[in-house]
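For reference, the chains in residue letters:
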Amino acid sequence: NAGVTQTPKFRILKIGQSMTLQCTQDMNHNYMYWYRQDPGMGLKLIYYSVGAGITDKGDVPNGYNVSRSTTEDFPLRLELAAPSQTSVYFCASSYVGNTEAFFGQGTRLTVV
Amino acid sequence: AQTVTQSQPEMSVQEAETVTLSCTYDTSESDYYLFWYKQPPSRQMILVIRQEAYKQQNATENRFSVNFQKAAKSFSLKISDSQLGDAAMYFCAYRSDAGGTSYGKLTFGQGTILTVHP
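So the sequences go chain by chain: A and B.
So the first sequence is numbered by this note's numbering: it starts at 1 and just counts up by one.
So the second sequence is numbered by this note's numbering: it starts at 1 and just counts up by one.
If you are wondering where the hints come from, they were derived from the structure by calculation, not from laboratory data.
Predicted model, so just to flag it, every value in this text is computed and none were measured.
In this text, a Cβ means the ideal position worked out from N, Cα and C, and glycines have one as well.
Be aware that a few hints might be false.
Over 10 angstroms on every C-beta distance to chain A, these chain B residues come out as not near it, computed from the model [as the list claims (entries may be wrong)]: (1) Pro9; (2) Val13; (3) Asp26; (4) Gln44; (5) Glu52; (6) Gln56; (7) Asp81; (8) Gln83; (9) Asp86; (10) Gln110.
Cβ pair distances, simulated, as ranges [what the hints assert, rightly or not]: (11) A/Thr5 <-> B/Tyr54: 31 to 41 angstroms; (12) A/Met19 <-> B/Gln14: 25 to 35 angstroms; (13) B/Pro118 <-> A/Ile54: 46 to 56 angstroms; (14) B/Ala16 <-> A/Pro39: 28 to 38 angstroms; (15) A/Ile54 <-> B/Glu17: 40 to 50 angstroms; (16) A/Ile15 <-> B/Ala16: 42 to 52 angstroms; (17) A/Gln17 <-> B/Thr18: 43 to 53 angstroms; (18) B/Glu29 <-> A/Asp38: 39 to 49 angstroms; (19) B/Gln83 <-> A/Ala52: 41 to 51 angstroms; (20) B/Asn67 <-> A/Lys14: 24 to 34 angstroms.
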């Protein structure tokens, strides 16, 4: 099993550009999440999904969009990149009834 | 809303010694889980240890153990016989288990950077 796979690992964006961070998991997990980690800070929840077709906002959703068309994939879209979105982004998944969350290796995004 | 606080931005320890990382949390719920995650320079989030709130016994995983004080809302991590490979950022995290609507969402503390000196 590959677990949770995120692409790309690094990206530099110019202000106003858009991009999609890809996330896929092969563990048939119901729940998927996007977190961001700012320097010296803990992870904050951006969006989450409890199954295909169902998504909801987390604590810091502004400037982002998500979709969940399949159980495996949960892409995160940045429409108009801003310097405040410079961060490390983590995708994670977990299975209902199981307490452990599995994380991808993160995407370091810089907006200049 | 739940909050998690790690009051030690940085800690250091000598190799083979013991170190304790602190974490406090605030919640009105009675059913929840607490976790310690390790984040080495590779950025990978690695689960170190978990504690179910309904269990009075403190969790232990090899050299890692916790001191869970439910009434005080405190959840510290003790690393015994510290090794160079333990150097990392450590995060305390909270997950609600209330009413089936928490959906596994995690609330993280700010993290503690642990340095291990040879």
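Evaluation of the provided hints:
1. Pro9: 7 angstroms, violated
2. Val13: 20 angstroms, holds
3. Asp26: 15 angstroms, holds
4. Gln44: The claim is violated: B/Gln44 sits with its nearest Cβ about 6 angstroms from chain A, within 10 angstroms.
5. Glu52: Given a closest Cβ separation of 8 angstroms, the condition is violated.
6. Gln56: Holds: least Cβ distance 18 angstroms, greater than 10 angstroms.
7. Asp81: 25 angstroms, holds
8. Gln83: 22 angstroms, holds
9. Asp86: 19 angstroms, holds
10. Gln110: 5 angstroms, violated
11. A/Thr5 <-> B/Tyr54: 31 to 41 angstroms: 34 angstroms, holds
12. A/Met19 <-> B/Gln14: 25 to 35 angstroms: This hint is violated: roughly 44 angstroms between Cβ atoms.
13. B/Pro118 <-> A/Ile54: 46 to 56 angstroms: 50 angstroms, holds
14. B/Ala16 <-> A/Pro39: 28 to 38 angstroms: 31 angstroms, holds
15. A/Ile54 <-> B/Glu17: 40 to 50 angstroms: 48 angstroms, holds
16. A/Ile15 <-> B/Ala16: 42 to 52 angstroms: 49 angstroms, holds
17. A/Gln17 <-> B/Thr18: 43 to 53 angstroms: Holds, at about 49 angstroms.
18. B/Glu29 <-> A/Asp38: 39 to 49 angstroms: Since B/Glu29 and A/Asp38 have Cβ atoms about 27 angstroms apart, the given range 39 to 49 angstroms is violated.
19. B/Gln83 <-> A/Ala52: 41 to 51 angstroms: 42 angstroms, holds
20. B/Asn67 <-> A/Lys14: 24 to 34 angstroms: For A/Lys14 against B/Asn67, whose Cβ atoms are near 48 angstroms apart, the range 24 to 34 angstroms is violated.
Hint violations for this structure: numbers 1, 4, 5, 10, 12, 18, 20, all remaining hints satisfied.
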